[in-house]
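Protein chains in written order, with my numbering: chain A, 1 to 246; chain B, 1001 to 1248.
One or more of the hints may lead you astray.
[Said to hold, decoys possible] Here are the simulated lysine to aspartate or glutamate pairs, EDC-like style, with alpha carbons at most 20 Å apart:
{"no.": "1", "chain 1": "B", "residue 1": "1052", "chain 2": "A", "residue 2": "13"}
{"no.": "2", "chain 1": "B", "residue 1": "1045", "chain 2": "A", "residue 2": "111"}
{"no.": "3", "chain 1": "B", "residue 1": "1052", "chain 2": "B", "residue 2": "1006"}
[What the hints assert, rightly or not] Selected chain A positions facing chain B (Cβ under 7 Å, derived; list incomplete):
{"no.": "4", "residue": "110"}
{"no.": "5", "residue": "111"}
{"no.": "6", "residue": "112"}
{"no.": "7", "residue": "114"}
{"no.": "8", "residue": "115"}
{"no.": "9", "residue": "118"}
{"no.": "10", "residue": "119"}
{"no.": "11", "residue": "120"}
{"no.": "12", "residue": "121"}
[Claimed, not checked] Which residues of chain B face chain A? A few of them, derived with a C-beta cut under 10 Å, are:
{"no.": "13", "residue": "1045"}
{"no.": "14", "residue": "1048"}
{"no.": "15", "residue": "1049"}
{"no.": "16", "residue": "1064"}
{"no.": "17", "residue": "1067"}
{"no.": "18", "residue": "1070"}
{"no.": "19", "residue": "1075"}
{"no.": "20", "residue": "1082"}
{"no.": "21", "residue": "1088"}
{"no.": "22", "residue": "1090"}
{"no.": "23", "residue": "1094"}
{"no.": "24", "residue": "1101"}
{"no.": "25", "residue": "1105"}
{"no.": "26", "residue": "1112"}
{"no.": "27", "residue": "1155"}
{"no.": "28", "residue": "1164"}
Derived by calculation from the structure, the hints in this document are not laboratory data.
The beta carbon of each residue, even a glycine, is placed where N, CA and C say it ideally should be.
The residues making up each chain are set out below.
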Amino acid sequence: MEDFGRMILFAGEAAAWALRPPFRPELVLVQMAAIGVGSAFIVGVTGTFAGMVLALQMNVALGQFAAEGYVGGSVAFSLARELAPVFTALMVIGRSGSAIATEIGTMRVTEQIDAMESMAVNPIQYLVVPRVAASLLMFPVLTMLFNALGYAGAFLMGVVVARIPVAPFIAHTQEFLNPDDVLHGLLKALVFGLIVSVVTTWRGYAASGGARGVGEGTTRGVVMSSIAILVADYAITFLAVGVKAQ
Amino acid sequence: MIEIEDLWKSFGDNHVLRGIGLTIAEGETYVVLGGSGSGKTVLMKHVIGLLKPDRGMVRVGGLEISRLEGKLLTDARQMFGMVFQGAALFDSMTVFENVAFPLREKRRSERLRGAEIRRRVVEKLAVVDLGEEVLPRWPSELSGGMRKRVALARALVSDPQVVLYDEPTTGLDPITTDYVDGMILNAKHKLGITSMVISHDVASAFKVADRLAVLYDGHLVAEGTPAEVRESKDAYVQRYLSTWFAKQ
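If we strip away everything but chain B, and leave its shape as in the complex, we get (with noise of 0.2 Å):
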């Protein structure tokens, strides 16, 4: 579902991808695990087409997302749902008008009538288990939790792809963590959508991954399955993972 080749892309004297080559498979959640600047991010936004590399190449569902420009890239970005790290809800809208916001700017052909609008905006917050009752509430309203939570209701709405989490976990509490861990799995099982997560959360990656890899230093350091990522013999690995399996 998404091809990654040789990525490279710097910020003047600061090279922050050096070269990244990975694949991810329809349906599958894929985990990215990294310290802070470690260019994670900028790796995802690359997927998207918010970055364009200075090198290599981003496939995604067969199209060269590097190379698309304007409209072409306005319209791939329809098969995206992203959340975002801070969720980044507009606080300039209703929690309803945030969820429903990608459908309201659907092409004029497929655009949905109100009622319709209404019904998938009730059916993706029950996904992450909020109810009716949220709809008219302003984003500062809400726990950090909650807006997470809203945030992958509009990610989901119009029935993504791929879905692209940033750093889903940061700031919140254990018990809500483990929630959004949750969260992510059932989106996953209930509409078997391809998953890209960043993070810097040991204990989060190894329970929603199928598969992940540890960036360091613009490189891909290790890279596989839960099991194949801690046997690694890498020296960075190993001292990342052991933050949180020593204290196991």
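Just chain A, with the same shape it has in the complex (with noise of 0.2 Å):
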């Protein structure tokens, strides 16, 4: 508990020096890549299998209906909402959160994050501010591709190998898929973003005691923030569907 009111006074530090110059846009850029452009390929991968066997198994559970032309709305409508947001950030945290933790983690046993102190720079505006920043806006885009390749998967899947007709196919999708989908999935990338870069950050920047404790700064990292977006997700859908209730 103690440890979790650390990381949210870390958070709120983090914003305050979010808001105060220096500015360093150049710094956002480089995480931008290392988050966005290092993780593309394997949310790309992971997108396209996912809409793939999501469309062959909707195939088979619709077919039981004689349904088979709702597949790409189904498709569509669970990757907006839920399976690429919480895909792509498990992908993610796989991918850059751990090399964050490990990066700052590293940087605080050998003294690195000290010197930067010592020379008047804040570190907390030099590391971590560019790296929130670069996830919040890395997560939607990551997420956007998940939904495209994944889409791209299930219409191979469904139209080329299980022979559904195409206009049925977009029809339906078109039919099931509102703007407001693609947006509450675009909203959960945007908290994900946000808990996975504050947690990984976290953790590298209170490791202790050398190797061993950057490694267990990172593993915790990966957990926690693995288990936090699962939380998350739910929160966010029971609120959704909640209101929408109403």
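Taking the hints as your guide, dock the two standalone chains into a single complex.
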């Protein structure tokens, strides 16, 4: 609990430093490349296969009611609201979240963060703020990439392999999928980006005790942020569905 | 230049500093000697405001560092350069980027142009006998001694009033140790900088110090010029110094 409180204070400090000059857009761009471009391949592959598998399963399930034409719409709906933001976040945690915790943790235990402070540079502003900002910008972009390739995978399986006619596949997608569904997923992506970046930078920042401490910090960062996004996913979905039901 | 009064610091039940008091004059090289875990680094981190005391006061250049917070503390740190025990070079940056870092991160109004930054980086690397050929190299490509030299160049590049050295000779061979000692003296004589050196290396301490103190069990058990400290009657000081003088 005490650790959680410290992390919240850390996040607050990062928010305060984000609003104060000097602003370092070049560092945000570097992190956008590391988090966004660096994770694009793995997110794309995961998205494509998730869409393909989902289309195959839906084809079997909906085939029992002779409703194969709804495969495209069902897959697009599931991707947009749930699978794309959650899978993207899990993939980015593995690809970039662990790297963030390790890099900052190593800087902590080798006194590079102390050195930065001694040179009148605030390490939270220099190291944490760009990573949080880049995550907030790149998580929605990666989620949209997941959506697009997931739907392409579903189209390949549904239309090319399972021979579902193109017209109902597309028409039911337009019918099922509203802009609200995509926005719902993007809102989740934004929240997940915040969670992943704050948790992994914090675990690195709080690392101590040499290589072992860095390893522990990275593991805790990955585990904590993975669990946190699943809890947050439930909370956002519950609130959104609850609000819609009113 | 540096005044420390009645400084106390504990971590849980571990009472590291128990009422430390010392004064370092401008342009002086002051060495704090002590064994591992004696609290030397903790004392130094108070001077630059990386740690806050439980009690007592640290004043540097008229500013009470121990009371400053946030931006005021960040600004006050501009008067320091610090050389860390493991050099603490940024391993994601080249030698040039490391040494240029304090200049590039200055306030917008004080920021220098690219050519001037390069000139000053080359100038400070020359103070530690390193040429331009090291500029594009990564810290992982440097020897321990070279890393320390680059760290000192980085500490000197913003022309600080005070340089803090944390165990500058730890882990170095005798020749490189001798070189680093020379480098500290060189920085003092050429640039007139006030220096505080934390060390457990008796030979090195007696070579570079104008005055020195011995830290034991949270107290300064001896303080004065090297000759005065060598004459100290304190049993710990005698035992500590004999580890080196007995070999001579």
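How the hints compare with the structure:
no.: 1; hint: B:1052 <-> A:13; in the structure: holds, 18 Å
no.: 2; hint: B:1045 <-> A:111; in the structure: holds, 12 Å
no.: 3; hint: B:1052 <-> B:1006; in the structure: holds, 13 Å
no.: 4; hint: 110; in the structure: holds, 6 Å
no.: 5; hint: 111; in the structure: holds, 4 Å
no.: 6; hint: 112; in the structure: holds, 5 Å
no.: 7; hint: 114; in the structure: holds, 6 Å
no.: 8; hint: 115; in the structure: holds, 4 Å
no.: 9; hint: 118; in the structure: holds, 4 Å
no.: 10; hint: 119; in the structure: holds, 5 Å
no.: 11; hint: 120; in the structure: holds, 4 Å
no.: 12; hint: 121; in the structure: holds, 5 Å
no.: 13; hint: 1045; in the structure: holds, 8 Å
no.: 14; hint: 1048; in the structure: holds, 5 Å
no.: 15; hint: 1049; in the structure: holds, 8 Å
no.: 16; hint: 1064; in the structure: violated, 17 Å
no.: 17; hint: 1067; in the structure: violated, 17 Å
no.: 18; hint: 1070; in the structure: holds, 9 Å
no.: 19; hint: 1075; in the structure: holds, 7 Å
no.: 20; hint: 1082; in the structure: holds, 4 Å
no.: 21; hint: 1088; in the structure: holds, 4 Å
no.: 22; hint: 1090; in the structure: holds, 6 Å
no.: 23; hint: 1094; in the structure: violated, 15 Å
no.: 24; hint: 1101; in the structure: holds, 6 Å
no.: 25; hint: 1105; in the structure: holds, 5 Å
no.: 26; hint: 1112; in the structure: violated, 15 Å
no.: 27; hint: 1155; in the structure: holds, 8 Å
no.: 28; hint: 1164; in the structure: holds, 8 Å
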